[in-house]
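**Student:** Residues per chain, in single letters:
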Amino acid sequence: MKEVVEGSHAVSEAVRLARVQVMSAYPITPQTHIVEALSEYCADGRMAARFICVESEHSAMAAVIGAASGGVRTFTATSSHGLALMHELLHWASAARLPIVMAEVNRALGPGWNIWMDQTDSLAQRDTGWIQLYCEDGQEVLDTTLLAFRLAESASLPVMVVLDAFFLSHTYEPVDIPDQASVDRFLPAFQPRIQLDTQDPFALSQMAPPGCYMEMRHDIEAGMRRIPEHYTAAEEAFASVFGRRYGMLEAYRCEDADIILAMAGTAVSTSRQVVDDLRERGEKVGVLKLRMFRPFPAALLASLAGDARKIAVLDRNFCFGVGGIFAQEIRAALYLMDSRPPVYSYIAGLGGRDVTPETIEEIYVRTKQSERPAPESVWIGLDPAACPVCRTD
Amino acid sequence: MIHSPLPQTDYMASGHVGCPGCGATVAMKFALRALGEKTMLVIPACCWAIIAGSHPQTSLKVPVLHTAFATAGAAASGLRAALDMRGDTETTVVAWAGDGGTFDIGFQALSGAVERNEDFIYVCYDNEAYMNTGVQRSSSTPFGTRTTTTPGTNWKHTRKKNIVEAFAAHRIPYAATASIAYPEDMIRKFQRARELKGGSRFLHVYATCPTGWRVPSDQCIKIARLAVKTRAFPLYEVTDGVRYTLNHDAEPPLPVRDYLSVQGRFKHLTDDDYGEIQAMVDEDWELLKRKVALAPEEARA
Ligand SMILES: Cc1ncc(C[n+]2csc(CCOP(=O)(O)OP(=O)(O)O)c2C)c(N)n1
Ligand SMILES: [Mg+2]
Numbered sequence: 080m081k082e083v084v085e086g087s088h089a090v091s092e093a094v095r096l097a098r099v100q101v102m103s104a105y106p107i108t109p110q111t112h113i114v115e116a117l118s119e120y121c122a123d124g125r126m127a128a129r130f131i132c133v134e135s136e137h138s139a140m141a142a143v144i145g146a147a148s149g150g151v152r153t154f155t156a157t158s159s160h161g162l163a164l165m166h167e168l169l170h171w172a173s174a175a176r177l178p179i180v181m182a183e184v185n186r187a188l189g190p191g192w193n194i195w196m197d198q199t200d201s202l203a204q205r206d207t208g209w210i211q212l213y214c215e216d217g218q219e220v221l222d223t224t225l226l227a228f229r230l231a232e233s234a235s236l237p238v239m240v241v242l243d244a245f246f247l248s249h250t251y252e253p254v255d256i257p258d259q260a261s262v263d264r265f266l267p268a269f270q271p272r273i274q275l276d277t278q279d280p281f282a283l284s285q286m287a288p289p290g291c292y293m294e295m296r297h298d299i300e301a302g303m304r305r306i307p308e309h310y311t312a313a314e315e316a317f318a319s320v321f322g323r324r325y326g327m328l329e330a331y332r333c334e335d336a337d338i339i340l341a342m343a344g345t346a347v348s349t350s351r352q353v354v355d356d357l358r359e360r361g362e363k364v365g366v367l368k369l370r371m372f373r374p375f376p377a378a379l380l381a382s383l384a385g386d387a388r389k390i391a392v393l394d395r396n397f398c399f400g401v402g403g404i405f406a407q408e409i410r411a412a413l414y415l416m417d418s419r420p421p422v423y424s425y426i427a428g429l430g431g432r433d434v435t436p437e438t439i440e441e442i443y444v445r446t447k448q449s450e451r452p453a454p455e456s457v458w459i460g461l462d463p464a465a466c467p468v469c470r471t472d
Numbered sequence: 014m015i016h017s018p019l020p021q022t023d024y025m026a027s028g029h030v031g032c033p034g035c036g037a038t039v040a041m042k043f044a045l046r047a048l049g050e051k052t053m054l055v056i057p058a059c060c061w062a063i064i065a066g067s068h069p070q071t072s073l074k075v076p077v078l079h080t081a082f083a084t085a086g087a088a089a090s091g092l093r094a095a096l097d098m099r100g101d102t103e104t105t106v107v108a109w110a111g112d113g114g115t116f117d118i119g120f121q122a123l124s125g126a127v128e129r130n131e132d133f134i135y136v137c138y139d140n141e142a143y144m145n146t147g148v149q150r151s152s153s154t155p156f157g158t159r160t161t162t163t164p165g166t167n168w169k170h171t172r173k174k175n176i177v178e179a180f181a182a183h184r185i186p187y188a189a190t191a192s193i194a195y196p197e198d199m200i201r202k203f204q205r206a207r208e209l210k211g212g213s214r215f216l217h218v219y220a221t222c223p224t225g226w227r228v229p230s231d232q233c234i235k236i237a238r239l240a241v242k243t244r245a246f247p248l249y250e251v252t253d254g255v256r257y258t259l260n261h262d263a264e265p266p267l268p269v270r271d272y273l274s275v276q277g278r279f280k281h282l283t284d285d286d287y288g289e290i291q292a293m294v295d296e297d298w299e300l301l302k303r304k305v306a307l308a309p310e311e312a313r314a
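Respectively, the protein sequence lines represent chains Z and W. Sequential numbering of the first sequence, starting at 80, is according to the numbering used here. Sequential numbering of the second sequence, starting at 14, is according to the numbering used here.
Treat the hints as calculated values from the structure; they're not laboratory data. Remember, predicted model here, so these are calculated numbers, not experimental data. Every clue listed holds true.
Simulated DEER-style distance windows between Cβ atoms:
1) W:Asn-130 / Z:Ala-318: 40 to 50 Å
2) W:Gly-100 / Z:Ala-163: 32 to 42 Å
3) W:Thr-102 / Z:Asp-263: 20 to 30 Å
4) Z:Ala-312 / W:Ala-26: 34 to 44 Å
5) Z:His-166 / W:Lys-74: 28 to 38 Å
Quick reminder that beta carbons are idealized off the backbone N, C-alpha and C, glycines included.
Looking at chain W on its own, in the form it has when it is part of the complex (with noise of 0.2 Å):
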């Protein structure tokens, strides 16, 4: 019998083919726990189209529309209309999609979407790199990445597009990221989503990938929690795309490079590339921590 303030009820089947460790299935886990049977998922291309189950099974206890992969945005943004005519307000629609499908094919949708403020949480679980088909690079890979489209000398040279910014430049009601390794976090996100209703809600959830990112399957958890402690994936919301709280100072942050060394798609890297890295993450946190000052009388929700 487990004793936890969190909800308990899984409205995901064990038998899924998700590869051993992954961490979009735990993200899954928490998010249905927090959401309720009251759900209905949109999923685009990407692994969790593939997790669902094929026909005729399904590893879901909640209603799944599939959907072309640059489409998350639009066919949620039709399945709510079609729930609000025929009067369903309760049911909370829930787009599920990767990085690749939020952060690049899917993004004008999604733009869209969020700037017509549809009433529908969106969920962009990142394992930072198309997996499905194979691990290549995507718009959300950090620098310093090797993918098998960005190979040896060539590993990624840019930095991961900061997508929870680009969405509170839509202004949306709310903006948060969550990462798998701080469950309670993440639940208390998808419920306080999920009770916001009436507009778009963008949750970003980090999402280990053994498989892709070269690392063992039980270190799963740990490395989501090493990107929190070394700032390289802070975890906040923004609320109307200005108020802004962290919800995890990560103080004193452990060196960036203890997250990257113990992870075989970064293994290339010099003392160089580490130090530019470490750079870029102070950098990023310094800009976070100067708007979370900028709205101080925002309490933590």
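Next comes chain Z alone, as it looks inside the complex (with noise of 0.2 Å):
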């Protein structure tokens, strides 16, 4: 049934519906509604489940270690200094092959304190063995958030279901809400692979000496390079039931494209409107929505985007002494392909700052206009008023 709800809200009825059975997790700005419903699901008998209300962040993930090792679907959720705390759990999570779902609010890391839209928390943990998929709107939350649990177990690894700060964790919009029947056909009882047993005694998560750390790291990896065929099936399964499916990438009016550009989260919506607008004008543009992080899909990208004459990638993050981490990950992943746009690599949107069709039409005349793209990162909107060292060129 259709409702208007919270973006925050559409991942609390996921979950719920995905009978979690243990949660914990500490609040942070814009996560707060997410974990509010979930206690109040708790309370009210909607949901028989448990939900831990523990210290921090760093015990919010250790719990539900723990509560994962015990044999049960779990589930958190945080944002930006949050995720931080949690860095040294997210690594002991994907390594102890945890099929643990997280929604993760994406925010701005102060100082100074700064709670608005900002990708930078959740692609600062881009190397911990987790999942990455970034919704654009309050369905695909929903969507994404019961897909993650069953990816999540299918592969034995964490997955992280990001969501916009405000834009999308805070904005209501009309989301098909699924009737419990038909998510359990999608997403059975849990059946874990994984549970410490009395009558079976055996350690978890011991001691790994030089003999066979590196074998259990490549043995994480063989299972990060079958994401792709897993989350193929499960969307298959997921679009069976819900007629709904969003691929790993998404390309928008990119076939005959001069100038693809390249983004994720919410700003999607926006750059579909401006390409719609710009093709109106006769200008060969499309959209590519980058949805799966991690594993990245290069090979998937390579051929929705390789035939491009220019790739402008829109980073609402950054990696200082680098640039756009998202247009880094472009660059790597075409490197090795026979056809290799360049890559324009632009800052926008940090810290909350809108990004308005102005600002990705700058991007897409900026692209056009240059013969190659700038050895760093440019930096869209800043204002030399606001910070005296920043220049315009």
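Hints are included, so try docking the two chains, each in its own frame, into the full complex.
**Tutor:** Below, the structure is given as structure tokens:
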């Protein structure tokens, strides 16, 4: 049934429908609405689950690691500083091969304190062995959260469902909330692959000396390499029940595009509109929506965008000393491909600043007009009055 | 054939990699005898994370969840919740951590867990320093101790944190000290803790570390006994955070110097230092006696 719900509640509805058994989380804006709703579901009996109100995000992840090792379906949610505090345990969860699902609301890191949209928090966790899926709207948030459980459990790896602060977490949209029976068909009761058992005692996550550590890491990578296969199967099953699918990446009007704009999150919706407008004016432009970031779908990227003359990447994140993170990843992915369009890197919309249609059109125009990409990322919309060291060329 | 009223089934294998004379392994041996096979251990980084064995071996005959250093209280909470959701209320979840993982880096997670009154037993085996990383000071290291981070004249000039008081202040159902030199007392406390299901139970177990304390490995139990006899480590229980029971009166006490002077880690102390430490021990003992006197009706369980 379609209801008008907040992006945060699209997450919590999916978690309820997934019949999660143990949750643990620590509040941080803009994640709070997710966990408040889940606490209510536990209190009023709509969920048969335990919500552990821990004293930090580090403990939240530790608690779901403990619970997942005990063989139940688990969930947590965080954002920004909370995710950074979890860092040690993000590695722990993936290397222990636990199918934990986490909603992560993209928010800036301080100082200065900033609660608004920015992707650096999740992208900084790219080497932790978590699958990362970025969402564009409320429906996708709900669907992706459901999909995440199936994907995590089939791959024995944790999944992070990423959504923009406020633009998505606090925006009300009509979302089709499925009935429990359909969800149960898509996502049957959890069958743990790993579970501590007093009848069959063994140790989990114990010391791994040099003689086996590398093999264990290689095994995780082998699991990661199979994600596209698991993902496609899970999406197939999802589509057969719900009729929707998203793909690992989505190419919008890219077939004959000279320039492809690439980005993740809600800016994709704005870009679709800009592309439609530019197309009406005869420009050959498309959008590549970056949805799966880990594992990075390099081959698919090459097949969808390899024929463009230029790729322009909009990063709402930054890696100091290098540049936009999605742009780096796309450049690296294309390096071994036969056709290798130049990648233009733009930084915009950090710390909650709006990415407007004008921002995106400016990126398009700059890309069209430059013969080759600048060696460094180009920052769009810097205000020299707000920052005396800014130079705009 | 051993005739003893104490449980004799061992859930620890020989061939573990503890140092000779390791008190922490003695503690585990007695703890598991008392707790039995329906036990799951959660072990953060500490010597015991190594003693329990490397992949693919284990020196323990109960399931073990190894976890990150700061997380024993939180990971045990999660495991307990999972067992409850699966309908297994019989298995006892036991967090087993060193003093570093309890007094220091894991203190926050444990404080949170016992404030929620999580249904588990938390055991701190206390060897009074970070032994696994090479004898660095912790907040459990006593006044007067030389460690690798409190060397020379910079030996530790602050007192050991009183961890049982800290958790008694959380009003947890059961907190107790125990010593490897008093196995009957220790086993009784583990059994009592196991029976007191439904809330947080904290056991502070004294565990000699011959390597870190620079004592001969055959002195492990003797030194543990001296700690009790000198009142440096009193044996007592606290129920609901307020009712205190003393389990061993140590009357008359031996001078604390008898305990300190046999250990390399205290070799540098002067007569004045001994005097200062004796005054601290006396003061702590008086305080403890006053708390015991507040609840005289509490009989020994
Ligand atoms: C986050 C983190 N910091 C530091 C360490 C290194 N480390 C491992 S064990 C340990 C000391 C453990 O001391 P304690 O808890 O007293 O146990 P013991 O080794 O004495 O048995 C340290 C510092 C770690 N594993 N993780
Ligand atoms: Mg120690």
